[in-house]
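Protein chains in written order, with the numbering used here: chain A, 1 to 468; chain B, 1 to 180.
Worth double-checking, as some hints may not be accurate.
Stated by the list, open to error - Listed next, the in silico DSSO-like pairs over lysine-lysine satisfying Cα-Cα at most 27 Å (straight line):
{"#": "1", "chain 1": "B", "residue 1": "K177", "chain 2": "A", "residue 2": "K417"}
{"#": "2", "chain 1": "B", "residue 1": "K17", "chain 2": "A", "residue 2": "K417"}
{"#": "3", "chain 1": "B", "residue 1": "K144", "chain 2": "B", "residue 2": "K83"}
{"#": "4", "chain 1": "B", "residue 1": "K97", "chain 2": "A", "residue 2": "K388"}
{"#": "5", "chain 1": "A", "residue 1": "K324", "chain 2": "B", "residue 2": "K96"}
{"#": "6", "chain 1": "B", "residue 1": "K28", "chain 2": "A", "residue 2": "K324"}
{"#": "7", "chain 1": "A", "residue 1": "K370", "chain 2": "B", "residue 2": "K144"}
{"#": "8", "chain 1": "A", "residue 1": "K364", "chain 2": "B", "residue 2": "K28"}
{"#": "9", "chain 1": "B", "residue 1": "K96", "chain 2": "A", "residue 2": "K388"}
{"#": "10", "chain 1": "A", "residue 1": "K373", "chain 2": "B", "residue 2": "K114"}
{"#": "11", "chain 1": "A", "residue 1": "K373", "chain 2": "B", "residue 2": "K96"}
{"#": "12", "chain 1": "B", "residue 1": "K159", "chain 2": "A", "residue 2": "K370"}
{"#": "13", "chain 1": "B", "residue 1": "K144", "chain 2": "B", "residue 2": "K17"}
{"#": "14", "chain 1": "B", "residue 1": "K144", "chain 2": "A", "residue 2": "K364"}
{"#": "15", "chain 1": "B", "residue 1": "K97", "chain 2": "A", "residue 2": "K370"}
{"#": "16", "chain 1": "A", "residue 1": "K370", "chain 2": "B", "residue 2": "K158"}
{"#": "17", "chain 1": "A", "residue 1": "K370", "chain 2": "B", "residue 2": "K83"}
{"#": "18", "chain 1": "A", "residue 1": "K198", "chain 2": "A", "residue 2": "K258"}
{"#": "19", "chain 1": "B", "residue 1": "K96", "chain 2": "A", "residue 2": "K364"}
{"#": "20", "chain 1": "B", "residue 1": "K28", "chain 2": "B", "residue 2": "K17"}
{"#": "21", "chain 1": "A", "residue 1": "K35", "chain 2": "A", "residue 2": "K166"}
{"#": "22", "chain 1": "A", "residue 1": "K324", "chain 2": "A", "residue 2": "K75"}
{"#": "23", "chain 1": "A", "residue 1": "K373", "chain 2": "B", "residue 2": "K158"}
{"#": "24", "chain 1": "A", "residue 1": "K35", "chain 2": "A", "residue 2": "K193"}
{"#": "25", "chain 1": "A", "residue 1": "K255", "chain 2": "A", "residue 2": "K324"}
{"#": "26", "chain 1": "A", "residue 1": "K258", "chain 2": "A", "residue 2": "K193"}
Claimed, not checked - Partner residues aside, some chain B positions facing chain A, computed with beta carbon under 10 Å:
{"#": "27", "residue": "Y44"}
{"#": "28", "residue": "E125"}
{"#": "29", "residue": "S140"}
{"#": "30", "residue": "I155"}
Quick caveat, the hints were computed from the structure, so don't treat them as lab data. As the structure is a prediction and not an experimental result, all values here were calculated from the model. Backbone N, C-alpha and C fix where the C-beta goes; we use that ideal spot for every residue, glycine too.
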Amino acid sequence: MTKNTVTNDLNFNRNHDFAMPEITTSKVKRGINSKIVQSISNYKKESKWMQDFRQQSYTTFQKLPMPTWGPNLSKIDFNDITYFLRATDKQGTSWEDLPDEIKETYDRIGVPEHEKEWLGGVSAQYESEVVYESIEKELNDLGVIFCDMDTAVREHTELVKKYFSKLIPPTDNKFAALNSAVWSGGSFIYVPKGVHVKLPLQAYFRINAERFGQFERTLIIADEGSSVHYIEGCTAPSYSTQSLHAAVVEIFVLKNAKLRYTTIQNWSTNIYNLVTKRARADESAVMEWVDCNIGSGVTMKYPAVILAGDGARGSVLSMALAGKNQTLDTGAKMIHAAPNTTSNIVSKSISMNGGISNYRGLIKTTQSAKNAKSYTQCDAMLLDNNSKSNTYPTMDTQEISATISHEASIESIDDEKLFYFMSRGLTETQARSMMVNGFIDEITKEIPLEYSVELYRLINMEMENSIG
Amino acid sequence: MYENITNDNQTTYEITKPGEYVFYFENKNGDITFNIACENVNVYIYGLYQEREEDNFTLNITQNHISPNATSRSIIKSVLDDKSTLNFTGTICIDKKATNSIAHLTNHNLLLSKSARAITKPQLEIIPGQVECTHAATTSPLNKNQIYYLMSRGISTKKAEQLLIHGFIAEIKNIKKQYL
Chain A
1 MTKNTVTNDL
11 NFNRNHDFAM
21 PEITTSKVKR
31 GINSKIVQSI
41 SNYKKESKWM
51 QDFRQQSYTT
61 FQKLPMPTWG
71 PNLSKIDFND
81 ITYFLRATDK
91 QGTSWEDLPD
101 EIKETYDRIG
111 VPEHEKEWLG
121 GVSAQYESEV
131 VYESIEKELN
141 DLGVIFCDMD
151 TAVREHTELV
161 KKYFSKLIPP
171 TDNKFAALNS
181 AVWSGGSFIY
191 VPKGVHVKLP
201 LQAYFRINAE
211 RFGQFERTLI
221 IADEGSSVHY
231 IEGCTAPSYS
241 TQSLHAAVVE
251 IFVLKNAKLR
261 YTTIQNWSTN
271 IYNLVTKRAR
281 ADESAVMEWV
291 DCNIGSGVTM
301 KYPAVILAGD
311 GARGSVLSMA
321 LAGKNQTLDT
331 GAKMIHAAPN
341 TTSNIVSKSI
351 SMNGGISNYR
361 GLIKTTQSAK
371 NAKSYTQCDA
381 MLLDNNSKSN
391 TYPTMDTQEI
401 SATISHEASI
411 ESIDDEKLFY
421 FMSRGLTETQ
431 ARSMMVNGFI
441 DEITKEIPLE
451 YSVELYRLIN
461 MEMENSIG
Chain B
1 MYENITNDNQ
11 TTYEITKPGE
21 YVFYFENKNG
31 DITFNIACEN
41 VNVYIYGLYQ
51 EREEDNFTLN
61 ITQNHISPNA
71 TSRSIIKSVL
81 DDKSTLNFTG
91 TICIDKKATN
101 SIAHLTNHNL
111 LLSKSARAIT
121 KPQLEIIPGQ
131 VECTHAATTS
141 PLNKNQIYYL
151 MSRGISTKKA
161 EQLLIHGFIA
171 EIKNIKKQYL
C-alpha cells in the first residue's frame, strides 16, 4: 500500500476544461482609468447617479491599499485585465435565440437539463452580461423581481438607489471599490412582503474571455415575512493567464424574512476569486449562507451577516476543497448588534496535493447584543503531508450576557479507520472517498440534490487521482 | 518538571529533553513561545487571569512543534470584571517534520461586568498529515441556572457567584497546588 503519494498533475474539472472562441462584439480596452470607467457607463447608457458612483468608486479604488494579510495577491496586474465586454448586443429572450457557441458551452455544463428539472428562473451570465434569462410566469404573478443588475438600475431605479452599496460601500475594501467602479451584470432580486418563493432562483456565471475579470454585482432584498433561496454556481474553462473575479453581493433580509444564498464555486485554478458578501438581518430575520468552494487559484471570501434586529439569526455553512496550487481563504463574519441574536458557523475544509485551506472568521458582540449566542465549528482534514491547513478565528466579546463558543479540529485520515474499511472489502480509494464524503456530509445535505451529486462525483474523482 | 513562569522575562522556552513539562502563570503580559524540539515530550501550559478595574492584558502563546511524537496542551482561563480586557492569541504551529503531534489549545473567558471585554484568537497552522490538533474557546457570563440552583439551597446570590467563579478557576489553581 503506497500512501500519500501524488502521481497525477490534477485538475479535476477536466470535464469543463474547454474554451469557446470569444464572440465579443464590444470590448473596452485592457486596463483601468477613469475614461474606461466612463466608457462602461456610456455603453450601458447609465444615468448620472450611477456614472458619478462609478467615478467616485474609481477614485476610492486608487486610494485604498491592497490587503496586507491573507494570501499573496501581488501577481494581480490591474492593467492587464479587460474590465468590460459584452457577449451579445441584445439579451436573448429564449434559448433558441442564443448564439450557437454560447448554447454549446451551456450544454456542456448542463443548463437546459437543470432548467427542465426545477429551475424557477435561469439568469445565465455569459461573459459580463446576462444573455439568457427565463423568468417563469409564476414569479411575475407573485410580484417577484428577478433580473440582471443592469436592468434593475434602469427599470427599478428607486428600489436600487435605496439599497445599492448601502451595506458594502466602495470604501469597504480595494476590491469592493474596484467592483463598484466597473461592475457589470449580476442578479437583482426583490421579493415582496409575505411572498414565499418555493423554487430556488438560480444564476449561472461564466468567464470565457482571456485576461478578463468578472465583476458582477448582486443585490437581493427579501421584504417583510418573505422567503427565498438563491443559488449561484460557477464553472469556468481553463486558461493559462491570470484572471480576476471580484464580485460584490449585498443582501437585505427585512423583518421576519428568510433568505438562503447558496454558492457552488468551481472556477479554474488560474482565477483570483476575491468576493465581498454581506447581509443585514433585521428583527427575527434569518440569513443563511451556504458556501462551497472547490475551484479557483486564490479565494478570499468571508460571507458576513450583520445581525441588526432583535432575534435575528445568521448562519454560515462553508466548505473548501483545496487541491494543487490552490489557496482557499474562506470563513465567516458575524456582527451581533442587537439583543437575542444567534449565529452558527460550520466550516469544513479539505487540503490535498499541496493545497492550502484557511479559515478566517470574526465573531463580534457589541454592547447592545444582550443574550447573544454564537457557535463556531471548524474542522479541517489533511489528506497528505504536503498540504496545509490554518485556522484564524477572532472572537471579540463586549457584552456580559453573550455566550460565544468556538471549536476547531484538524485531522488526517486515520490508518485504523482505513484498515477497518479495507477489511470490509473496499479499496483504499473507495475508503478514502467515503471518509471524505462523510466528513463534509453536514454541508452536502444542505445543498440541492444535483449539486451534492456533482460534488460527490468530483470528490471521488479527486481521490482516485490522488492515490498512486 | 513544574515551573511558575509568571515573573520570567524569558519569551522562548526550548524543550530539548524527553519528559513532562508543566508551565504555570497568572496575569502575564507578552509573547511566549514553546519550541518542542524533542520526541516523547508532554507539555502542559496553564494560564490564569483574574482581572478587575482597568486591567488590560495581552497574551500571545505559540506551541511550536518541531519534532514528531510530542504532545502539548494549553488551558487559559480568565475572569474579567469591571473594565478589564484580555487580548489572547494562541497559535499551534506544526512543522512539516512533526508528524504524530498532538496539540490542544483551550481558552475560557468569564465576563462579570458589562464593560469587560475578551478578544480571543486561537489559531492553528498545520502542515503535515497524521496530527491531532484542536482548539476551543468560549466566552460567557455566569450560568443563571446554576446560580438559581445554589440559591435554592439557601446560598446568597453573592456567595453563589463566588462559588461558581471559584469552581471555574479551580481547574487551573489545583494544578499549582498539585506541584507545590
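Hint check results:
Only pairs whose Cα atoms come within 27 Å are accepted, and B:K177 paired with A:K417 is rejected, the gap being roughly 40 Å. For the proposed pair B:K17 and A:K417, the alpha carbon gap of about 33 Å is over 27 Å, so the pair is violated. Taking the CA atoms of B:K144 and B:K83, the gap is about 22 Å. The hint holds against a cut of 27 Å. Proximity of B:K97 to A:K388 is assessed by CA-CA distance (about 13 Å); at most 27 Å being required, the pair is judged to hold.
Note on A:K324 and B:K96: the hinted pairing holds, with a Cα-Cα distance of about 17 Å set against a maximum of 27 Å. Note on B:K28 and A:K324: the hinted pairing is violated, with a Cα-Cα distance of about 42 Å set against a maximum of 27 Å. Of the supplied pair hints, the one linking A:K370 and B:K144 holds, its CA atoms being roughly 14 Å apart against a limit of 27 Å. For a cut-off of 27 Å, the pair hint linking A:K364 to B:K28 stands: about 25 Å separates their Cα positions.
A hinted pair counts as satisfied when its Cα atoms are at most 27 Å apart, and B:K96 with A:K388 qualifies at roughly 9 Å. Between the alpha carbons of A:K373 and B:K114 the distance comes to roughly 16 Å, so the proposed pair stays at or under 27 Å and holds. Between A:K373 and B:K96, the direct Cα distance comes to roughly 37 Å. Violation of the 27 Å bound is thereby established for this hinted pair. Between the alpha carbons of B:K159 and A:K370 the distance comes to roughly 25 Å, so the proposed pair stays at or under 27 Å and holds.
Of the pairs offered as hints, the one joining B:K144 and B:K17 is violated, with about 46 Å between alpha carbons and a cut-off of 27 Å exceeded. Note on B:K144 and A:K364: the hinted pairing holds, with a Cα-Cα distance of about 23 Å set against a maximum of 27 Å. The hinted pair formed by B:K97 and A:K370 fails the criterion: a straight-line CA distance of about 46 Å is larger than 27 Å. Between A:K370 and B:K158 the CA atoms are separated by roughly 22 Å; this keeps the pair inside 27 Å, and the hint holds.
Of the pairs offered as hints, the one joining A:K370 and B:K83 holds, with about 17 Å between alpha carbons and a cut-off of 27 Å not exceeded. Between A:K198 and A:K258 the alpha-carbon distance is near 12 Å, which keeps this suggested pair within the 27 Å criterion. Between B:K96 and A:K364 the alpha-carbon distance is near 33 Å, which puts this suggested pair outside the 27 Å criterion. With a C-alpha separation of about 26 Å, the suggested pair B:K28 and B:K17 falls inside the 27 Å cut-off, and the hint holds.
For the hint linking A:K35 to A:K166, the alpha-carbon distance of about 25 Å falls within 27 Å, and the restraint holds. Our distance criterion of 27 Å between C-alpha atoms is met by A:K324 and A:K75, whose separation comes to about 18 Å. As the CA atoms of A:K373 and B:K158 are separated by approximately 25 Å, the hinted pair is consistent with the 27 Å bound. Pair hint A:K35 plus A:K193 does not hold up; C-alpha atoms about 41 Å apart against a cutoff of 27 Å.
For the given pair, A:K255 sits about 44 Å from A:K324 by alpha-carbon distance, which is inconsistent with the 27 Å threshold. The straight-line distance between the Cα atoms of A:K258 and A:K193 is roughly 11 Å, inside the 27 Å bound, and the hint therefore holds. This hint is violated: B:Y44 has a C-beta 19 Å from the nearest C-beta of chain A, more than the 10 Å allowed. A cut of 10 Å between beta carbons decides the hint on B:E125: the least distance to chain A is about 5 Å, and the hint holds.
Hint on B:S140 holds. Least Cβ distance to chain A is approximately 4 Å, under the 10 Å limit. Given the 10 Å rule on beta carbons, the hint for B:I155 is violated: about 21 Å separates it from the nearest Cβ of chain A.
Of the numbered hints stated above, those contradicted by the structure are hints 1, 2, 6, 11, 13, 15, 19, 24, 25, 27, 30, listed in ascending order.
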